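Colleague: So the chains spell out like this:
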Amino acid sequence: MTQHNRAIFQPSGQIQFGIFFQGVNSGTIWKAPESGSQTDFESFRRIVQTAERGKFAAFFLGEGLRLREHLGRPHALDVVGRPDAQTMLAALAAVTTNIGLVATQNTTYNDPADLAHRLSSLDLISGGRAAWNVVTTDNAWTGANFRRGGYLDHADRYKHAEAFVETAKRIWDSWETSAGPARRVLHEGRHYTVDVSPRLPRSAQYRPVLFQAGDSPEGRNFAARQADVIFSAHPKFDDAVEFRRDIVARSVDAGRGANAVQIMPASEFILAATDREAQEKKAWVRSLQIGPQQAIAYLEQFWGRELTEYDSDGPLPEIDPVVEETSETRGSGFHGAKARQLADQWRAEAKDKGLSIRQFVTSRTARVDATFTGSYTAVADHLAQFARVGAVDGFNISPWLIPTGLDDIVNHLVPELQERGVYPTEYRGTTLRENLGLETPVRSNEPVQV
Amino acid sequence: MSTFEEHTAGFLAIELDGAGYEDLARAVLAAESAGFHVATFADAPVPGRVNALQRAAYAGPVTRNIALVPEVDTVYTEPFHISTQLASLDYVSGGRAGWIATAAEAPEAAAAVGRSFVEGDALAQEAAASIEVGRRLWDSWEDDAVIRDVATGRYIDVDKLHYVDFETPADFAGPGYSVKGPSIIPRPLQGQLPVLAAASLVGDGQVPVDAVDAVLVSAPTPELLAAEVRHVRARLGASVAIVAELDVVLDSRGQAAASRSDTSQDDGRARFVGSAAGLTDYLDSLLKEADGVRLHPASLAVELDELARLVLPELRRRGSLRAPTQDGTFRGLLGLGRAENRYSTSAAAAAAAGK
Ligand SMILES: Cc1cc2nc3c(=O)[nH]c(=O)nc-3n(C[C@H](O)[C@H](O)[C@H](O)COP(=O)(O)O)c2cc1C
Numbered sequence: 001m002t003q004h005n006r007a008i009f010q011p012s013g014q015i016q017f018g019i020f021f022q023g024v025n026s027g028t029i030w031k032a033p034e035s036g037s038q039t040d041f042e043s044f045r046r047i048v049q050t051a052e053r054g055k056f057a058a059f060f061l062g063e064g065l066r067l068r069e070h071l072g073r074p075h076a077l078d079v080v081g082r083p084d085a086q087t088m089l090a091a092l093a094a095v096t097t098n099i100g101l102v103a104t105q106n107t108t109y110n111d112p113a114d115l116a117h118r119l120s121s122l123d124l125i126s127g128g129r130a131a132w133n134v135v136t137t138d139n140a141w142t143g144a145n146f147r148r149g150g151y152l153d154h155a156d157r158y159k160h161a162e163a164f165v166e167t168a169k170r171i172w173d174s175w176e177t178s179a180g181p182a183r184r185v186l187h188e189g190r191h192y193t194v195d196v197s198p199r200l201p202r203s204a205q206y207r208p209v210l211f212q213a214g215d216s217p218e219g220r221n222f223a224a225r226q227a228d229v230i231f232s233a234h235p236k237f238d239d240a241v242e243f244r245r246d247i248v249a250r251s252v253d254a255g256r257g258a259n260a261v262q263i264m265p266a267s268e269f270i271l272a273a274t275d276r277e278a279q280e281k282k283a284w285v286r287s288l289q290i291g292p293q294q295a296i297a298y299l300e301q302f303w304g305r306e307l308t309e310y311d312s313d314g315p316l317p318e319i320d321p322v323v324e325e326t327s328e329t330r331g332s333g334f335h336g337a338k339a340r341q342l343a344d345q346w347r348a349e350a351k352d353k354g355l356s357i358r359q360f361v362t363s364r365t366a367r368v369d370a371t372f373t374g375s376y377t378a379v380a381d382h383l384a385q386f387a388r389v390g391a392v393d394g395f396n397i398s399p400w401l402i403p404t405g406l407d408d409i410v411n412h413l414v415p416e417l418q419e420r421g422v423y424p425t426e427y428r429g430t431t432l433r434e435n436l437g438l439e440t441p442v443r444s445n446e447p448v449q450v
Numbered sequence: 001m002s003t004f005e006e007h008t009a010g011f012l013a014i015e016l017d018g019a020g021y022e023d024l025a026r027a028v029l030a031a032e033s034a035g036f037h038v039a040t041f042a043d044a045p046v047p048g049r050v051n052a053l054q055r056a057a058y059a060g061p062v063t064r065n066i067a068l069v070p071e072v073d074t075v076y077t078e079p080f081h082i083s084t085q086l087a088s089l090d091y092v093s094g095g096r097a098g099w100i101a102t103a104a105e106a107p108e109a110a111a112a113v114g115r116s117f118v119e120g121d122a123l124a125q126e127a128a129a130s131i132e133v134g135r136r137l138w139d140s141w142e143d144d145a146v147i148r149d150v151a152t153g154r155y156i157d158v159d160k161l162h163y164v165d166f167e168t169p170a171d172f173a174g175p176g177y178s179v180k181g182p183s184i185i186p187r188p189l190q191g192q193l194p195v196l197a198a199a200s201l202v203g204d205g206q207v208p209v210d211a212v213d214a215v216l217v218s219a220p221t222p223e224l225l226a227a228e229v230r231h232v233r234a235r236l237g238a239s240v241a242i243v244a245e246l247d248v249v250l251d252s253r254g255q256a257a258a259s260r261s262d263t264s265q266d267d268g269r270a271r272f273v274g275s276a277a278g279l280t281d282y283l284d285s286l287l288k289e290a291d292g293v294r295l296h297p298a299s300l301a302v303e304l305d306e307l308a309r310l311v312l313p314e315l316r317r318r319g320s321l322r323a324p325t326q327d328g329t330f331r332g333l334l335g336l337g338r339a340e341n342r343y344s345t346s347a348a349a350a351a352a353a354g355k
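Those sequence lines, one after another, are chains A and B. Counting in the working numbering, the first sequence runs from 1 upward without gaps. Counting in the working numbering, the second sequence runs from 1 upward without gaps.
One chain only, chain A, in its complex shape (with noise of 0.2 Å):
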């Protein structure tokens, strides 16, 4: 292929899934009976084979490495507690055959060499299907549970990630040949100084795939540099054509070709045979993830005090938010400083559009919403409006019900989207990176390092 050539997006035409098995948070239903355990390893099979047969690319898992809290104490109304990423993917490798198995792991709470040892080790075990979703989440407050606790600045952190991220590929790249030797990798930085021979050799996809979450400019610099795929937060259509001109443009920038980086946004289906089935199905799924006591909880994070006093049918609450307090509240990107200005904002808001706490609540988590509604036909002919112009790479979907949320997309909604030609109808080979058609990566020829 020409410079020019590299310089200019093509689209595949192709889209692919993945599944978000978020595992917590109120995305998922728990309340409705069909809902099942989301730790039971039976949830996981169940959901991950369902994936296969329907030919996902991958299996996504999540991570957060302290209970997201309310007023201090863990949170009680979401789903909360799930199981380790990668031993749970090492487990399910055995029980799946192509599907790709995605870790999001921390650069900040993980040393290097022991990462890049595991990633490689559930690249082995899978036989080339191990994916790593970078993720750089820092703060005192998650850091609380590790050696080193809160030791990094905000700012820095994906500095630290991208010293990490390169200190991960070159142990992954240190293999002469399949069957060694390996050459000593050494890094001496601000944070952590490495220094590894590492063990492993090469997998069948060469090493495990890079997915990024992180939307900040320097979150898309550092994925345009070094990820294989972005995991992105841009499902909808023109907005997700925009994030794909920009990330193109970014990876241009950073030397790669302009399809080097693939998107898959984060996304939900709520689908069924017409149209209006599916809005009256979205509404029951959202009065099961929202109910009284979820808006009323929705509101305490930014007032920072129980409000339990006040009826989510009525108006927002005339008190004023504790500001000390609100930042207590993790995962809500909320700073407190700002608490009363926002809470004089949503009750001007609220009383103009004579919304009660509990639609206000709903309009404002709508506003996110990342949701694809419709008839399996309907859906499908929009996905095929991304594929044909290259808006994304594929979706990362939340089912929001565990373990059967796959069966519909899978029974109805694929071979709608195969009828077009847009979806694959098997997978094209056995290792992940195959699978997503990502080029296999040029070892460098860094000199051996002692």
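Because the hints were derived from the structure by calculation, they are not lab data. All of these numbers come straight from a predicted model, not from anything done at the bench. Worth double-checking, as some hints may not be accurate.
Not everything, but these chain B residues come out facing chain A in the computed CB check (under 10 Å) [said to hold, decoys possible]:
(1) Val50
(2) Ile156
(3) Leu161
Incomplete in silico selection of chain B near chain A, CB under 10 Å [unchecked claim]:
(4) Glu22
(5) Leu24
(6) Gly48
(7) Asp157
(8) Tyr177
Each residue gets a CB set at the ideal place from its N, CA and C atoms; glycine is no exception.
With the hints as your guide, set chain B with the ligand onto chain A.
Modeller: Relative to the frame of chain A, chain B with the ligand by itself:
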């Protein structure tokens, strides 16, 4: 634990380090169908050896009865991660997980994570701290913490989740640390996973006896092993199971064991070199002293075959080896009941009553 004093028939463990990752499913299934009660996974720093805990996890869905017990280092690893990973292993194996808590002695292990090298007494301190963190985190969710109460919208009962607030002791040799908790995974299926450690790490001023459920005992020769088992039992008391460590090299396929025995490498373990019949007699007597024996075959493929055909059936016939239990837990194999949670209401009430 009175079960060990009564001394029922013993159990056998087999070390599967040699299985690699390509043959792992076959090896662990062969060990299970041969009647081994436990498969262990060494974390040996040798080329080509993948992470022990992940090998154990992979073996989980492949098997049904055999306990899966990886070695996991306590010195250069994150106790929080280890606790979560082992709890997860218990989930994927249906309650058959255990932990051989090791303390890495190689300077290379320190260099890989950029930490200063730990040696001597400090090793046992690191191990003790890590085991304590692991155990507290396993208890940090009470068994019935997940309530799924539709009426109140509560998935969990927050009163049944606990911060562990662990801090390394004041006299801790290495850099001290703290762990907040609670765990990110509900209590493992067994409540507490059985923890094993080398007998040399356990005892006064080291890893406390009540922190472990079983110890691994080594002696330089097979002749000295039974005496060492008695010695350790006298030193540590009856509350821990004793597992004797034995390398085995067997005559096989017309080849004498002696010709296959590599004496240049001394791993500090007793080594039995000889016929299957000789090993059967030896294990028969050793199992009268030890609760279990862990075998380290010279070549997994060769020895496992001999053991399955000739040794285990005869030991069972003589009544010195237990029949495998269907769908049991590792705690069950060790004669341990389900562990009471230190935070549970009944445990708290007992403590308040001064019991
Ligand atoms: C779709 C998506 C999924 C994510 N999943 C996780 C996760 O499972 N665990 C985690 O710690 N962080 C997760 N993150 C958070 C990112 O790693 C990152 O910390 C966050 O997006 C802030 O980085 P940024 O400022 O670059 O956006 C996720 C982010 C996105 C966009």
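Colleague: Next, verify each hint and record whether it holds.
Modeller: Hints, verified against the model:
Interface hint status for Val50/B: upheld, as the beta-carbon distance to the closest one in chain A is roughly 4 Å, under 10 Å. Because the smallest distance between the Cβ of Ile156/B and any Cβ of chain A comes to about 6 Å, under 10 Å, the interface hint for this residue holds. Checking Leu161/B against chain A by beta carbon gives a least distance of about 5 Å; that is within 10 Å, so the hint holds. Contact between Glu22/B and chain A, as hinted, is supported at the beta carbon level, the nearest pair being about 8 Å apart and thus within 10 Å.
Given the 10 Å rule on beta carbons, the hint for Leu24/B holds: about 7 Å separates it from the nearest Cβ of chain A. The criterion of a C-beta within 10 Å of any C-beta in chain A is met by Gly48/B, whose closest approach is roughly 7 Å, and the hint holds. Hint on Asp157/B holds. Least Cβ distance to chain A is approximately 7 Å, under the 10 Å limit. The interface hint given for Tyr177/B is met, as the beta carbon of that residue sits about 4 Å from the closest beta carbon of chain A, less than 10 Å.
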